[in-house]
Structure formats: structure tokens, C-alpha cells
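Participant: Chain by chain, the residues:
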Amino acid sequence: MLDWVVTFNGGVLCGIAAIALIALVASRRKEFATSTSYRASVRARLPFGTEAMQLSIRHRTATLLRANIWGLLGTVVAAAVVFSSTPLSSSSQFLWLVTLSIFLVVLTATSVTVSLRERLFHPAPTAIRVARVQALRVSDYIGPWRRLTPVFLLAAAAASCAAVAVAHALALIDSVFAVLAYAALAFAALAMAGGRFAERLVLAQPQPASDALQLAWDDLFRADALSALRMGAATAAWLPLGLALTIVGDAWLLPGSADAAAFPWWGIPALQVLYSLGQGRLPDPLYPDFLRPRANAPEEQAA
Amino acid sequence: MIVIDPSSPVPPFEQLRTGLVDAVASGELAAGERLPTVRRLAEDLGIAPGTVARAYRELEASGIIETRGRNGTFVAFDADPARQQLQRAAAAFAAQVRELRLDADEALAIVTAALRTSGPAPG
Numbered sequence: 001m002l003d004w005v006v007t008f009n010g011g012v013l014c015g016i017a018a019i020a021l022i023a024l025v026a027s028r029r030k031e032f033a034t035s036t037s038y039r040a041s042v043r044a045r046l047p048f049g050t051e052a053m054q055l056s057i058r059h060r061t062a063t064l065l066r067a068n069i070w071g072l073l074g075t076v077v078a079a080a081v082v083f084s085s086t087p088l089s090s091s092s093q094f095l096w097l098v099t100l101s102i103f104l105v106v107l108t109a110t111s112v113t114v115s116l117r118e119r120l121f122h123p124a125p126t127a128i129r130v131a132r133v134q135a136l137r138v139s140d141y142i143g144p145w146r147r148l149t150p151v152f153l154l155a156a157a158a159a160s161c162a163a164v165a166v167a168h169a170l171a172l173i174d175s176v177f178a179v180l181a182y183a184a185l186a187f188a189a190l191a192m193a194g195g196r197f198a199e200r201l202v203l204a205q206p207q208p209a210s211d212a213l214q215l216a217w218d219d220l221f222r223a224d225a226l227s228a229l230r231m232g233a234a235t236a237a238w239l240p241l242g243l244a245l246t247i248v249g250d251a252w253l254l255p256g257s258a259d260a261a262a263f264p265w266w267g268i269p270a271l272q273v274l275y276s277l278g279q280g281r282l283p284d285p286l287y288p289d290f291l292r293p294r295a296n297a298p299e300e301q302a303a
Numbered sequence: 001m002i003v004i005d006p007s008s009p010v011p012p013f014e015q016l017r018t019g020l021v022d023a024v025a026s027g028e029l030a031a032g033e034r035l036p037t038v039r040r041l042a043e044d045l046g047i048a049p050g051t052v053a054r055a056y057r058e059l060e061a062s063g064i065i066e067t068r069g070r071n072g073t074f075v076a077f078d079a080d081p082a083r084q085q086l087q088r089a090a091a092a093f094a095a096q097v098r099e100l101r102l103d104a105d106e107a108l109a110i111v112t113a114a115l116r117t118s119g120p121a122p123g
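Chains A and B are the protein sequences, given in the same order. Mapped onto the numbering used here, the consecutive letters of the first sequence carry residue numbers 1 to 303. Mapped onto the numbering used here, the consecutive letters of the second sequence carry residue numbers 1 to 123.
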């Protein structure tokens, strides 16, 4: 049984590495980034405008793809080191930990890093420049449920950890589980604080643009990076929440059956799916005027 | 949206100042709305930070914008108390419209209809 788990974990890890390597080779082809950028254009309802703009968008798309793949490979290497040097290799939780690392490192960190390191457009010194007159906030880029999910999850996690503290005080649970829940809560709080700091950095990045369409494309990548940051914070907040609920549930409902293996790992891919819904689109106010649906005048509505 | 044309005979400072005044006058920049930082706007528009700072200073002296310490620069509320109250209500309304993700034109149409149904203002 033990050997079967180790073989399965190792096989899946090798499979992920193989997929990452194939994707790395495929991403070197021009057509790969081109088709991805076309898909982004259709999903966002944003045209490319000029050939130069299309090139810039394709370049950014390719950079993001490559960063994601390298992040994935880095995570697989780190997971392989853990697999070969710790008893985690025989744990049924090992692949969930790999999944968690992939979501936090690959999807969150790489998109933020790329958005901080690169400018999407480079207008010539003699070109017309445009800028927004308002200072935009996170709420201008992402909707309320994406923005507030990590906050609600962290608040629920804090409340659940308080319940763990009570259960610990009543000697219903082992100290190890209580410490594990507190450590996960501290990690989630740190992830939230780090995410807020990264958001400020992303929002402070200049957006050199020559027209409203370029600004909209820049906003699109920015919105995705901000959404990825909130997804990372939500994923991190799920850890203490799931852990505390598992521990408290075990202590009160099934005394003596405390088992961290019952952790609801399904929440992590569920959050990923939830955040992927509606990704790659801009809120209406950020679209250029000519791409915004025209509201009917009061007279037309009355008619 | 502010547009700076380097090939225009109008200096960038004047283009920026006029652009901001127009944005406030047209309602694109509502009272109480925060403006970008000097550095950010300068980098976005490809002009010197001193040019943006000078435009902000001049608009502040005219009472169009105001600096609230480290919080940033904001569009000033009108000096007239009645207008001031109206502008605060408008700013709160605009924030609500954004929060609800409603279209600005649709929100304006609703306000217009509400004003029409409530009859003429007294006095």
C-alpha cells in the first residue's frame, strides 16, 4: 500500500514535469503565443488595434506563459527534493501540497512578477500620450466577490481558530493540532499582508500608452495580476479555515478521531475554478468609450 | 482621460492643466475623487515630474484640487455650502454606482428622471 502511494505520487510528479517540459518547448513557437493572444482578445472583447500593438501583446503573453512554465518547473523540482528527502513521499496529502504550491507560486507570483518587471507598451518620445485622470483602486479592476472572498475566508479562519483555542483549553484536542492551526492562520495573514503590498506595487506601475485601447490592454493584464493575488490570498486563507474546521469538527462531533488527513483539500481547486470564472475580462468602466455598450437615452427608454 | 501631444505648440504644462480643468468641469473627475500621484502621472504621460507638480500647485491655488497630506491629491469640493453638500452627495452616489458596477449613462438617466418626477426646485 505504502509503495503504491509512493509510486503514484512519483508518477504524477513526473507527469507534471513532462507536461511542463512539453509546454516549454511548445511556448518557443511563435504560433503558441499568437493563438493565446487571439483567445485573450476574443475573451476580453478588445481588438489589437495596430500590428505593433499586437506584437507587444503577443510578447507579454509569451513572457507570461514562459514565466508560468518556469514557475511550474521550479515547483516540481522543489517538490522532487521534498519527495526524495522526506517521509511526505508516502503521504496521500503530498499531491495536494504540490497543487497548493503550484497555485500559490505559479499562478500568483509569476503574473505579479511579470507585471512589475515589464511595460506592455513603449510609446516613442514624440508620440501622443494618454493617462487616466483618476487614481484607480483594486475595486476598479476586480468585482466585489473576487475582492472580498479572501477577507471573508480569513475572518472565518480566525473565528474557527478561536474555536480551536477553546477546544484546546477544554483538552478536547491535541496541542499539535492547535499549533498547526495557529501556524496556518499566521501564514494566511502573512499571505494577505504580502498580497496587499504587492497590489500597491502593481497599481503604482506606470501605464505608458498612446491611446485608450492600449490603456485598456494594460488594464486587462493588471486586472488579471490583481485577481491572481486575491486568489493566492484566498487559497492561503483556506488552509487555516479547513484545518480548524476539521480539528473542531473531529473534537466535537467525533471525539478522539482528530485526523489532519480529513482536511478539505477540494477547497483549493474549487477556489481556482471560482477565480477563473470571468477572468480575462475588464469591468465596463475600463473599456474605451467606443467599445462600451451605449446606454439608451431616457427618451428612448420612455418610448 | 488626459492627452499630451508633444508635437503641439501648447506646452505640456498647459495641456495638462487644461486637461484636468476640463475633466473636473465635465464631471469625468468628480468632487472628492483622488488624482494620480505626481510621479505616476509624469511617468504615464512621459513628462517631467516638475511639470505635473506645477500643474497641481496651480490648480490647488485656484481651489480646483486640494492636497490632503500623505493621503494624496483630491478634487476639491465647491466653496458654496449648498453646492458643497450637493457635490458630496454626488460623490457618494458616484461611488455607489461604481460599487454596483452600473453604467454611468444609465445612472445619469435615472437621476434625470428622478429630478423630473420630483418637480421644479423651490425658490
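What the hints contain is simulated information worked out from the structure, not anything from laboratory work. These figures come from a predicted structure and were not determined experimentally. Even for Gly, the Cβ is constructed at its ideal location relative to N, Cα and C. Take these hints with a grain of salt, some might be off.
Stated by the list, open to error - Computed spacing ranges between beta-carbons, pair by pair: (1) B/Leu-102 with A/Ala-80: 48 to 56 angstroms; (2) A/Arg-45 with B/Gly-69: 23 to 31 angstroms; (3) A/Ser-92 with B/Val-111: 55 to 63 angstroms; (4) B/Ala-89 with A/Gly-194: 19 to 27 angstroms.
Participant: Run every hint past the structure and note whether it holds.
Facilitator: A quick look at each hint next to the structure:
1. B/Leu-102 with A/Ala-80: 48 to 56 angstroms: holds (51 angstroms)
2. A/Arg-45 with B/Gly-69: 23 to 31 angstroms: violated (40 angstroms)
3. A/Ser-92 with B/Val-111: 55 to 63 angstroms: holds (59 angstroms)
4. B/Ala-89 with A/Gly-194: 19 to 27 angstroms: 38 angstroms Cβ-Cβ, so the 19 to 27 angstroms window is violated.
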